[in-house]
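Protein chains in written order, with our numbering: chain W, 1 to 325; chain Z, 1001 to 1520; chain P, 2001 to 2330.
Hints listed in this document are in silico derivations from the structure and should not be mistaken for laboratory results.
You may find that some hints are simply not true.
[To be verified] Not everything, but these chain P residues come out facing chain Z in the computed CB check (under 8 Å):
1. Leu2176
2. Leu2196
3. Arg2198
4. Thr2199
5. Thr2200
6. Met2206
7. Thr2210
8. Asn2211
9. Lys2213
10. Ala2214
11. Leu2216
12. Phe2217
13. Ala2218
14. Gly2219
15. Lys2221
[Claimed, not checked] List of simulated lysine-lysine pairs, BS3-like, C-alpha gap at most 25 Å:
16. Lys1418(Z) with Lys2213(P)
17. Lys2326(P) with Lys112(W)
18. Lys2326(P) with Lys1383(Z)
19. Lys1342(Z) with Lys2221(P)
20. Lys1069(Z) with Lys1221(Z)
21. Lys2133(P) with Lys1418(Z)
22. Lys1383(Z) with Lys2221(P)
23. Lys1342(Z) with Lys2213(P)
24. Lys1069(Z) with Lys1050(Z)
25. Lys1162(Z) with Lys2133(P)
26. Lys2221(P) with Lys1414(Z)
27. Lys2221(P) with Lys1439(Z)
28. Lys78(W) with Lys155(W)
29. Lys2213(P) with Lys2133(P)
30. Lys1418(Z) with Lys2326(P)
31. Lys1439(Z) with Lys2213(P)
32. Lys1414(Z) with Lys1383(Z)
33. Lys1394(Z) with Lys1439(Z)
34. Lys2133(P) with Lys1383(Z)
35. Lys2326(P) with Lys1414(Z)
36. Lys2224(P) with Lys1342(Z)
37. Lys112(W) with Lys1069(Z)
38. Lys1468(Z) with Lys1439(Z)
39. Lys1383(Z) with Lys1393(Z)
40. Lys2133(P) with Lys1414(Z)
Here a beta-carbon is modelled for each residue, glycine too, at the ideal position from N, C-alpha and C.
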Amino acid sequence: MTWFQKSEVVIAGILVLAMVIIGLVNPAFWSLDNMFSLLRSNVIIGIMALGVLLVMISGGIDVSFPAFAVAAMYLTVKGMIYFNYDGVLLPFVAAATMGALFGCLNAFFVYKFRMIPLIVTLGTGSMVRGFLLGVVGTSMININKMPDALIEFGKSDIVNMVKADGSTYGLTAMILVYVGLAIALHLVLRHTMIGRGVYALGGDPEAASRVGFNIRKITFFIYCVAGALAGFAGLLHSGMIWLANPRDFVGLELDVIAAVVLGGASIFGGRGSVLGTMLGVFMLVMVKNSLIIMKIDTTWQRVVVGVIIVIATAITAWRDRRANA
Amino acid sequence: MGAFILFLKLGPLFHVDGLVMSENFIELRNVRKEFAGVVALNDLSLTIRKGEIHCLAGENGSGKSTLIKVMSGVYQPDGGEISIDGNKVEHLSPMASIEHGVQVIYQDFSLFGNLTVAENLAMNVQLREQRHILNWRRMREIAKEAVSRLGVELDLDTDVEKLSTAGKQLVAIARALMSDARLIIMDEPTTALTGKEIETLFRIVRDIQSRGIAILFVSHKMREMLEISDHITVIRNGEKVADGPTRDFDEALITRHMTGLDIISEPYVWDQAQYGSQPARVETQNLSFGSDLDNINLSVRPGEIVGVSGLLGSGRTELALALFGMMPGYSGSIAISGQETKLATPQDAIHAGIAYVPEDRLSEGLFLTQGIDRNILSTSYEKLAPGLLIDQKKAEDWVDTMIRDMQIATPTGKKLVKELSGGNQQRVVIARWLLTNAKFLILNGPTVGVDVGSKAEIHRIIRELAQKEGLAVLMISDDVPELVHNCNRIVLMHRGAFVEEMASAETSEDQISDKLKNLT
Amino acid sequence: MKRQMDFRSLLNRDNNIVQLIAMTILIFVVMTALSPDKFLRYYNFESITYIFPELGLLSIAMMIAMLTGGIDLSVIGIANLSGIFAGVMFKKFATDAGVADTGFGIVLLGAVIALGTGLVAGALNGLLITRLKITPILATLGTGQIFTGLAIVMTGGPAIVGFPNAWAFIGNGKILGLATPFVLFIVLACLIAFILRRTTFGINLMLIGTNPKAALFAGLKREKMVLMSYMLTGVMASIAGIILSGRTNAAKSDYGTSYLLQAVLIAVLGGTNPAGGRGTVLGVSIAVTALMLLSSGFQILRFSNHLIDFIWGVFLLLVIAINAYKNRTR
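So that you can see chain W by itself, here it is in the shape it has in the complex (with noise of 0.2 Å):
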């Protein structure tokens, strides 16, 4: 395969080439503080995507994390005021473990069952988030209750500019976070026995256990991950917009599977990868947040992930009818 066929390739020059014609239409879109704005919207879609990415290489696909990641969410914010805890790092330790036992659930339904993971997804999403909303409780948590520590480590920048009228912006350093995830599974996908088992479950189940695989420790390490993932965003998210809102992430499982499908991952799975899932969800944040810039109704921001995903899905089809040709 030679660089250009790379599909990784193919959705950089897709972007630059979106980049440029925004950038044409409003030069407002390159000033950095519009740039900041925008990898920072990539932070919690991009965790959130690799645990999706995890899932769609295996084959499957996971509508669930949403439901996860505000349970997650929700319940360690509850947990830190109860206690009175201000500390950052137990608690999003404790947000990945429980994103990570409620991924169990779903690795325990897909594997023992082998019940299409898209209908498991959809049984323990409503069961997290019903069981959350129905049981826990329903109101928000403000930025007067929430935890001082986790609202002071989402503030944190990386750079700071001041802006001619003297406002502050900067660059979230919560973008450092996002790419460190990034790295390490790209790292487990590429160099590790278990992320290429992953691959292999993905290009052909009944094979991998053939050959030895151990499918029950590859799909509970999925779909853990995925919840761990997912968790472990949902707290970040609370300490990002300084509000824990156990309504949050609904109808966030489109744009996020939008965003893997746009990176060339395969939902029959067996591909994808970290890079392009990274490209695709810059891709997806930067169309939805430069409509306003591009002087479009809000309203219609979901026929326009609509129409992405229906675009990206077609092109993606039709590559692998010709690669299969």
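Mind docking chains Z and P on chain W? Use the hints.
Using the frame of chain W, we list chains Z and P on its own:
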């Protein structure tokens, strides 16, 4: 000498703590396996010696695959015992089986199409070493070594899904050898290969044997078994029915053991007097399609059975697809009973009285989880529902007629097709086309994966249809004897073109096999 | 022995229905025991007959998409968009007397527009799936966004309130003492059941779902049939949308979003194979009845709506487990 024989006979008695090296690699004694009360293996014993090529013969459904799975640790037997190197193995897990050196090459090869050749080759080794971190450089070295051991050339960086069938098989074999295999089980390895490829495979198999590795060759092609193996075991209905050195067997004997019947075949003769004056059912003129079909001029008259053979990728399947309307955009012309007809969709072809029985019955021919009735009627629903509703009465009549005419062994048309044997399944596929009043039947590998008994029966049915009903048949097959015995004419295809045509009466199996081998 | 196996598989197929009926009775008994005075009231059952047809029709729509191994995640979007298009049209034609008294002819036109929306939306799904070969999950995920997005664009966000009286009759009225939606559901369910069992189209869907490749080689018009199945799904969804907007006298882009999961759940619970080739209207109808009884029982017991979501999720997982267990013994 006498002492030696005694040693051989007493061999098993000496395997105390593995002190004495057994000359048997694996021994299955009185193995039994049931599935939900259905006996799949009954009291079956099998011994494979080190470095021998052993053939396991049996019809489809005779228990061959269950036996393979017992040896590879996928299934745990319900009774009996397994010894490897003379030591009894208590619980043979898939991993344990691999550790003992048992490698299975399944029909689908169990490769990962989305990964490169190198990774496919190195995966087992890395898994066995229980590595957690992957070393890509070492992986390439492993892969290179694997390929060089086999003495073939393979591009290590290609994705496996881009390889040909034979290429994939080479990867699978190379991979098996990498795992320090001591027994390689090959499940129907020649099914998808052409004559020349089979020869290459046999050369490799003998080469492997010369390194002291045993091979279990699972097959139902007699000629191949006799050519390659040292020892043959025949099973039927989960029981061993014959077992001995290959020199004690011939084709007829194996057939008799596999089926429990004697089968005699007589060549097919076209009734020229009756059908000679009628126009050709199908006649193509300069039929071409890209590089797949090159100026094909084919003519099949009523009552004729024309055989087509050629290597895989010679264009024989494409010819069938073009005639079935699945390659729109062909150039040249196709005439049906003297009338030029454009075949742009399968519906056009069916309308013109053309029927196609595809190569892979299970994935292309049947609706496995549906009843026999729906499978048979699948081509006829539009005829059954001239208005909006399906005529239930007529539908039932048609199904009953077909079950009777085709002698499909079933108490009712509601029975699910997946519960039928391979031979009965193929009859279902053929039956569906008889209902459309097909005048031209294309059979692509009509008896692939069909046991010997049913095979003869299917041949009889096809010949009868041709002889009595004047059905024109195009039979595409790798199985040269099948063509010689059932066709009145045979054409050889190569690189999309007809290269030779001969009358079956004036040729022999060996002649055709030789010609096929010499095609390059 | 073969005969016996045959008998067993036959029993197994009907078992599914028997099992569903048993489950329904069980739910009924438990709910009656927990709250006999409230659950057993006529009013309770009457209100169920008003509410469940929407969900029932959406579930049948979902089942139709699943028959060919697909899924339609855009049904809610189609339902809402249909209601909204009709509502917008009524507002345009409203006389001085207000929307409520809109003439019968206009209402009929509204119904045609709503059904047409479903047909076109379904055709779009079908074309994306058959022509552009997009996987049904992704195609309908995308179009679902588009339909919901268009609904937002049409309404600007808030609900369209106020539908003609004749329209409201579809959602609230009575025919021969029975709820109109219920009558509509029964008629449509019978019609779909009939189509699936007795027409070429219906049986072709089963065959295509069982093995698409074999369908191609048997000369079935695969693309046309799949396209038609999504169009039928779209129309069913739009009828659900008509009933929903008629019952609530309003249409909004995010009504009934929880129905999506429920429709999938009911289809699977009702014995539909999500991989294609198997599914009956009867099974889906019993499943929707069972879950409606459950849901209404919980409402009487004053469970929060969210908790009902929780229980639906648990139910779906339980069904998966039970089905897996059943298949294993076979």
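Task: Structure versus earlier hints - violations, ascending order - done: Result: hints 1, 2, 18, 21, 34 and 40 break, sorted rising.
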